[in-house]
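> Using the sequences provided together with the hints, build the complete structure.
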Amino acid sequence: MGNDVRWVGTESGYGRETEWSATVLAPGGTPESVAINEALGIDAMSEDLGSSSLLSRANHLFWYPAEVDVSIRPGWFWHASEDSLVKDVAKLSDIYLSSVGRNAVLLLNVPPDNRGLITDHDINSLRGLKTWTDKLYATDLLNGSRPYGRGASNLTDGDNSTSWNPRHNPVASFVPAIAATFNVAMLQEDISKGQRVEKFIIEALSGTEWDTIATGTTIGYKRLIRFPEVKADEIKLTIVSSRAAPYISTFALYHTE
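One point on numbering: in the working numbering, the residue at position 46 of the sequence shown is 810, and numbering is uninterrupted.
Keep in mind that the hints were calculated from the coordinates and are not lab data. For glycine and all other residues, C-beta sits at the position ideal for the given N, C-alpha and C. Honestly, I wouldn't trust all of these hints.
[As the list claims (entries may be wrong)] Taking CB as the label site, the calculated pair distances span: (1) Ala943 x Ala808: 18 to 26 Å; (2) Glu802 x Ala854: 38 to 46 Å; (3) Pro795 x Glu998: 30 to 38 Å.
[What the hints assert, rightly or not] Using 30 Å as the maximum straight-line C-alpha spacing, the simulated BS3-like pairs for lysine-lysine come out as follows: (4) Lys995 x Lys899; (5) Lys986 x Lys1000; (6) Lys1000 x Lys957; (7) Lys855 x Lys957; (8) Lys855 x Lys995; (9) Lys963 x Lys986; (10) Lys855 x Lys986; (11) Lys899 x Lys855; (12) Lys855 x Lys894; (13) Lys986 x Lys894; (14) Lys855 x Lys963; (15) Lys957 x Lys986.
Now the structure itself:
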């Protein structure tokens, strides 16, 4: 791969739980890049490519986003005997949440058959994935919610050019406009300011008790987290740790089957 996108290190369709676009892994195969990576003891398949401890040993930092690749079939090429083994919507949606939803680009291989065409088996799965993503993003349950916290309204205004940038007390909460059940949270950083968040927590208030419903490390361009269904009176987002003040452009809640 070139210097603009980084192979995630597997062909499973699943990205790292912690995925830094700002990484110490040097792109390209030049002698200089090889020397940098060897000195740090890392390669594209290393689990840690951007932790603070690794940064402390590095002299370079690169903007090098991850690309997750996987085939819709068991292998990279078409075989009639594998028509029944095409990944279904349940598998593809899980891959989507674990690649696009983990700050990576998804490269989904769809091989043509011996006619040079995509088979109906593959097409049906792709259409199913499109329907699933359309339904996922159709209704943001934080739309119209009442925000609490300075600048928190920027998280739910539908405008990626605005951000929540808390320099102190990085906590924002929201009272939904309507009571609804959700099981997916989406967070996005304003990556024009880089990637900063190291850890976050999402909590839900039901009655008088706050319950943690999701935790995570990196966010980057997009983080999607699925969890058991929740119905809450109030939702709270806390940035536990970040590299300088965070710039969060989006916080959304969705429901998926």
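> Between Lys855 and Lys995, is the straight-line Cα distance small enough, at 30 Å or below?
holds, 26 Å
> Given the hinted pair Lys986 and Lys1000, is their alpha-carbon gap at most 30 Å?
Within the cut-off at roughly 18 Å; holds.
> For the range 18 to 26 Å, tell me whether the beta carbons of Ala943 and Ala808 fit it or not.
violated, 45 Å
> Cβ-Cβ distance between Glu802 and Ala854: within 38 to 46 Å?
holds, 41 Å
> When you check the alpha-carbon spacing of Lys855 and Lys963, does it fall within 30 Å?
This hinted pair holds, its Cα atoms lying about 27 Å apart.
> For a C-alpha distance cap of 30 Å, please report whether Lys963 and Lys986 respect it.
holds, 14 Å
> Does Lys986 lie within 30 Å of Lys855 when you go C-alpha to C-alpha?
holds, 20 Å
> Just tell me: holds or violated, for the beta carbon distance of Pro795 and Glu998 against 30 to 38 Å?
With a Cβ separation near 56 Å, Pro795 and Glu998 fall outside 30 to 38 Å, so the hint is violated.
> Would the pair Lys1000 and Lys957 pass a check requiring their Cα atoms to be no farther apart than 30 Å?
Satisfied, since the Cα-Cα distance of roughly 23 Å is no more than 30 Å.
> Given the hinted pair Lys957 and Lys986, is their Cα-Cα distance within 30 Å?
With Cα atoms ~14 Å apart, Lys957 and Lys986 stay inside 30 Å; holds.
> Would the hint linking Lys995 and Lys899 be met if the CA-CA limit is 30 Å?
holds, 19 Å
> With the threshold set at 30 Å, check whether the alpha-carbon distance from Lys986 to Lys894 stays at or below it.
Within the cut-off at roughly 18 Å; holds.
The structure does not agree with the numbered hints 1, 3 and 7 stated previously, though it agrees with the rest.
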